[in-house]
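In terms of the working numbering, the sequence shown is residues 1193 to 1664.
None of these hints come from the bench; they were simulated from the model.
This list has only true hints and no planted wrong ones.
Result set (DSSO-like, lysine-lysine): computed pairs, CA atoms no more than 27 Å apart in a straight line:
(1) 1656 <-> 1572
(2) 1426 <-> 1437
(3) 1483 <-> 1252
(4) 1252 <-> 1468
(5) 1422 <-> 1335
(6) 1252 <-> 1474
(7) 1266 <-> 1460
(8) 1656 <-> 1641
(9) 1460 <-> 1264
(10) 1474 <-> 1264
(11) 1596 <-> 1572
(12) 1623 <-> 1596
(13) 1266 <-> 1468
(14) 1241 <-> 1483
(15) 1241 <-> 1252
(16) 1636 <-> 1656
(17) 1596 <-> 1656
(18) 1264 <-> 1252
(19) 1572 <-> 1623
(20) 1474 <-> 1266
(21) 1352 <-> 1391
(22) 1640 <-> 1590
(23) 1641 <-> 1590
(24) 1368 <-> 1438
(25) 1266 <-> 1252
(26) 1422 <-> 1391
(27) 1580 <-> 1596
(28) 1438 <-> 1389
(29) 1422 <-> 1368
(30) 1636 <-> 1623
(31) 1396 <-> 1438
(32) 1391 <-> 1438
(33) 1422 <-> 1333
(34) 1426 <-> 1396
(35) 1264 <-> 1241
(36) 1640 <-> 1623
(37) 1596 <-> 1640
Taking CB as the label site, the calculated pair distances span:
(38) 1349 <-> 1277: 39 to 45 Å
(39) 1223 <-> 1479: 25 to 31 Å
(40) 1292 <-> 1403: 28 to 34 Å
Glycine included, each C-beta is placed from N, C-alpha and C at the ideal position.
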Amino acid sequence: MNEQGMRSMQNHNAEVEIDLVNLTYHIARRWRCVLAAGVIAGAVLGGYKGVTGIQNLRNKAYLEAQNAEYLKQKASYDSSVESLRRQIQNITDEINTNQEYQESSVLMNIDPYDAYRETATFYISSDYQIMPGMTYQNPDKTKSIISAYLAIAQNGQLYKDVTSELNDEMTIRNLKELINVSADYDNNLLSIVVYGKDKEMASKLMELIRDHLSNQEDQIANGVGEHTIKLIEKSSTNTVDEDLKKKHTDFNNNLTSLQNSLTDRQKKLADLAAPKGTLITKESVVKNVLKFGIIGGILGVFCAAGCICVGYVAKGRIHTEYEMERYGVRVLGSYYEPVRKRMFSFIDSLTENLSGASAKSRDLSRVCEAAAVRLEGMMKAENCEGAKICLVGGIDEKDLNRVKEAMTADGRNVSLEVAGNLADDSEAIRKAQAADGVLLVEQKNASKKSAVETELAMLEDFGKRVWGAVLI
1193 MNEQGMRSMQ NHNAEVEIDL VNLTYHIARR WRCVLAAGVI AGAVLGGYKG VTGIQNLRNK
1253 AYLEAQNAEY LKQKASYDSS VESLRRQIQN ITDEINTNQE YQESSVLMNI DPYDAYRETA
1313 TFYISSDYQI MPGMTYQNPD KTKSIISAYL AIAQNGQLYK DVTSELNDEM TIRNLKELIN
1373 VSADYDNNLL SIVVYGKDKE MASKLMELIR DHLSNQEDQI ANGVGEHTIK LIEKSSTNTV
1433 DEDLKKKHTD FNNNLTSLQN SLTDRQKKLA DLAAPKGTLI TKESVVKNVL KFGIIGGILG
1493 VFCAAGCICV GYVAKGRIHT EYEMERYGVR VLGSYYEPVR KRMFSFIDSL TENLSGASAK
1553 SRDLSRVCEA AAVRLEGMMK AENCEGAKIC LVGGIDEKDL NRVKEAMTAD GRNVSLEVAG
1613 NLADDSEAIR KAQAADGVLL VEQKNASKKS AVETELAMLE DFGKRVWGAV LI
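Go ahead and model the full structure; you've got the sequences and the hints to work with.
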């Protein structure tokens, strides 16, 4: 064997490769075993489900327990559906209310970065005087007067009067958001802050509020006490309002939270699966038999294919020309057994044809004839005509003789001698040592790669050239 062949054998020993295409054909050739495994597994699993189903169908206690469990699951499902639908409706109503409010509210449509604000501060004083030297003093009614103005500014009548004076439609709720009234009792001050979508609106609202408070001055004087109310500060500004900005942010965050909550509830409702009717019937038993029969069939097919793959790798046999050529040995001929005539043999023919087998390759005499012609041409090209070639291989001697007879037919100028199995035949070893070269003859799906490697190693030790191989 040449140096290149030795390197190929060493590489093969170091790394085992699997030809996936050939492995696929190897499984396809055994389609009957794969199909049988699927049918058996499907019948076993489907039959088991059928037997257990019939037994349960006749068991009244089992049926009652099954029905009770179903009713329990159904009640829980109905309760969950009702709760989710109620939550969805409530959240939807709240979102719609907020969106309607957002559209109609003046405050929510004011740009906080360009807000118009009108401010007025009033000083309220009464006729209260401290009387020196007197044990009893008249009560100071100033705080009560301020509280009266504060109450008037915050009661519903003020908002009704103001909204009636406005030309545009505005609800009391929207108006309340635009007015902020506060009191400083320590300093006898009453402060009013009014927002508007523009300067004119803010000024108009402030004017109406002041008019309303002025109209109530006599009523408060008669009911609480004499006093004077004086405007000490008034301003109109257009500025960035942080409080208004925070209100907008809080409102938008709340609306987003509601929308997320609505989406979450809708998803939960969509994902909520109704309990299946698990009551056993004849129809359900039949469906289970078919279902698990199909599952068993698929599992059986995969298990059978897996076992074939494991055997393909574990047994380490020669299956194709490619595997022999990886040792650096040229394949001169490759024989394929004819397809046996049996039921569905056309499938066997199809798989063999797809794997590369032809009509000529199924005729041993023609395969050997082509191998002999190639060998004769190689020997002639290297001036080795008449060299004595020895046939060796791990197959029966009668098969070696068949190959020899087929290769030497018609008086071809090829000198062949059958040696035998180098692994356990000393006579075969002597013949190989005496020969000028060697031709390997191996059997597909039977000859082991380890045996081929042993043969090649021995021939290298003998210094014998391997002219090629014939696979039968």
